[in-house]
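Novice: Read in order, the letters of the sequence shown are residues 160 to 635 in the numbering used here.
Take the hints with a grain of salt, since some may be wrong.
Using C-beta positions, here's what the derived DEER-type ranges look like [said to hold, decoys possible]:
id	residue 1	residue 2	range
1	Tyr507	Tyr282	39 to 47 Å
2	Glu390	Asn560	29 to 37 Å
3	Arg295	Pro235	46 to 54 Å
4	Asn275	Lys525	44 to 52 Å
5	Ile302	Gln249	24 to 32 Å
Keeping only pairs whose Cα atoms sit at most 30 Å apart, straight-line, the calculated BS3-like set for lysine-lysine is [stated by the list, open to error]:
id	residue 1	residue 2
6	Lys536	Lys412
7	Lys236	Lys523
8	Lys417	Lys236
9	Lys523	Lys536
10	Lys477	Lys267
11	Lys412	Lys542
12	Lys549	Lys522
13	Lys285	Lys267
14	Lys522	Lys536
15	Lys580	Lys591
16	Lys236	Lys525
17	Lys477	Lys236
18	Lys236	Lys420
19	Lys525	Lys542
20	Lys567	Lys549
21	Lys523	Lys542
22	Lys236	Lys522
23	Lys542	Lys520
24	Lys567	Lys580
25	Lys525	Lys536
26	Lys567	Lys591
It should be emphasised that the hints constitute simulated quantities derived from the structure, not laboratory data. These numbers were taken from a predicted model, which means no experiment stands behind them. Note that beta-carbon positions come from the ideal geometry of N, C-alpha and C, so glycine has one too.
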Amino acid sequence: MVRRVVRNTLIFWFLVLLMICISPAVVSAKGEMRYSIVAQSAVVGAEQVDSILNDAVSGDGLTLPAAIQSAIDANPKFLSQKHGYSSSHQAYLRSYGALLPQLDFVAKGGYLIIRNDTTSAIYDDKQGEVWSNDMRMVLSQLIYDGGLTSSKVDADKFYSQSNKEELFNTAEDVGLTATQYFMEVIRNRALIELCERNIAEHANILELTRVRLSSGGGTQVDVSQAEASLEEARSRLVQARQGLEDAEAGYAKLFGDKAGKLAMPDRPVGAIPQDVEAAIALAMDNNRALKAAHLAIMQKDREAESAEGLMLPQLYAKLSGGRSDNTGGYESNYHDVSAMLQVNFNLYNGGSDAAAIREAKSKKLKALQDAEEVRRKVEEDVKTAYSFHKVTGNLLPILSNLTNENAKIVVSYADQFRMGKRTLLDLVSAQKSLFSSQQVYLNAMTAHTFSYYRICMPISALMATLNVTIDVPEMD
160 MVRRVVRNTL
170 IFWFLVLLMI
180 CISPAVVSAK
190 GEMRYSIVAQ
200 SAVVGAEQVD
210 SILNDAVSGD
220 GLTLPAAIQS
230 AIDANPKFLS
240 QKHGYSSSHQ
250 AYLRSYGALL
260 PQLDFVAKGG
270 YLIIRNDTTS
280 AIYDDKQGEV
290 WSNDMRMVLS
300 QLIYDGGLTS
310 SKVDADKFYS
320 QSNKEELFNT
330 AEDVGLTATQ
340 YFMEVIRNRA
350 LIELCERNIA
360 EHANILELTR
370 VRLSSGGGTQ
380 VDVSQAEASL
390 EEARSRLVQA
400 RQGLEDAEAG
410 YAKLFGDKAG
420 KLAMPDRPVG
430 AIPQDVEAAI
440 ALAMDNNRAL
450 KAAHLAIMQK
460 DREAESAEGL
470 MLPQLYAKLS
480 GGRSDNTGGY
490 ESNYHDVSAM
500 LQVNFNLYNG
510 GSDAAAIREA
520 KSKKLKALQD
530 AEEVRRKVEE
540 DVKTAYSFHK
550 VTGNLLPILS
560 NLTNENAKIV
570 VSYADQFRMG
580 KRTLLDLVSA
590 QKSLFSSQQV
600 YLNAMTAHTF
610 SYYRICMPIS
620 ALMATLNVTI
630 DVPEMD
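Using the sequences and the hints, build the whole thing.
Specialist: Dropping the structure here:
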């Protein structure tokens, strides 16, 4: 009986000691297995970024052409420019009316007190006091004014046409900015998902270090370091969320509404010229801002011609007919009809006309320099757009390979860390490098897609590429 009790007691304590010895290893193995599974399933390099980017968009989401169309239809900047074009066209029609015949009707009547030779002979007090009235119709036509009016009409016409080109250029500008915010919303949504997965990886590393500490295979410093890395990963998520809020605020400003489900835009490969030289030549012919600048030169040239007309006489043909009652101060009435030529010629006005001519010529010279500045800016935009397109395109395969290699390093370091051949610092650094390469690869993918649309803007082909209709009424 005693032996049985002793034997059972020994067996009991043996089992207790056995459990104490193997439980840390079991727990550690479970922790390492958990991390290994997560690492193998989540760390897939560039493919993970592609998957995240695809998850950030929706197949039935709002397409870029539909979004840009709604932005153009309701954008305040575009609509303001549209009203400005309409206003300038009405100003042209107003000045054009000065070239057409002018028909005026004048009527006046009232009590008249007048003294003249006739009233002096008729009345004792030598003045007449009568009710009088006068009605007159005058038809006048400008014949010659040295180009003062006709050149002004041409200048207003060129100004209206320049505003029209500026309107189309505004549409291109608004469209490109809207495209940028459209892509930024997609990129930041994907970045948030990437940050959340990065947090999960660092949380697994932290759990692994705690398990190793409890089993005697690590230190408290390792745990603190893993906790610090986890907090750093969480700070990246906070920054990413702020970036998304900024992108959505810009989206709302351009589109007038919140960003819902968005579809990934296609890359319009066929819309851009093959090389930068061809694009520059196309931009010199098609860029709307450059066309507006050239029309501004023509406008200022006509304004200079109009100013020179101030130094020349003005000749009008006038037909007049009317009826007058008692206008001489006594009871009488008469009718008259006249056909006359009228000349107006200013002989001196203090040098104002000469100053106006010099002012107009200076404005023309300014317009020439402004156009040259626009030309250089357009050429610069084409070159920088192509450079951006080329760089992002060349970076994509490099960054994809870098991301894949970093993913392999993380998996390898995780295995070596479990075997004690790598430190926690090595594993954490590898995970940080993987996340950084994934983030840069994500940025490069969205930037390269945007680069196609950026090239379309200086050649004024963005609206056509997106099939966006610009509602601008034709004005004669």
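Novice: Using the Cβ atoms, figure out if Arg295 sits within 46 to 54 Å of Pro235.
Specialist: holds, 50 Å
Novice: Within a Cα-Cα threshold of 30 Å, do Lys236 and Lys522 meet the stated pairing?
Specialist: holds, 27 Å
Novice: So if I understand the rule, the pair passes when the alpha-carbon distance is 30 Å or less; does Lys285 with Lys267 pass?
Specialist: Given that 30 Å is the threshold and the Cα spacing comes to 24 Å, the pair holds.
Novice: Tell me if the straight-line CA distance from Lys522 to Lys536 falls inside 30 Å.
Specialist: holds, 21 Å
Novice: Given the hinted pair Lys542 and Lys520, is their alpha-carbon gap at most 30 Å?
Specialist: violated, 34 Å
Novice: Hint check: Lys523 vs Lys536, CA-CA at most 30 Å. Holds or violated?
Specialist: holds, 20 Å
Novice: Given the hinted pair Lys567 and Lys580, is their Cα-Cα distance within 30 Å?
Specialist: holds, 16 Å
Novice: Given the hinted pair Lys477 and Lys267, is their alpha-carbon gap at most 30 Å?
Specialist: It holds: about 20 Å lies between the C-alpha atoms, which stays within 30 Å.
Novice: Indicate whether the distance between the beta carbons of Asn275 and Lys525 respects the range 44 to 52 Å.
Specialist: Since the Cβ atoms of Asn275 and Lys525 sit about 58 Å apart, the hinted range of 44 to 52 Å is violated.
Novice: Holds or violated: Lys525 with Lys536, Cα cutoff 30 Å?
Specialist: holds, 16 Å
Novice: Does the beta carbon distance between Glu390 and Asn560 stay inside 29 to 37 Å, or does it fall outside?
Specialist: holds, 30 Å
Novice: Given the hint that Lys417 pairs with Lys236, test it: the Cα-Cα distance must not exceed 30 Å.
Specialist: holds, 19 Å
The structure shown violates the earlier hints numbered 4, 12, 17 and 23.
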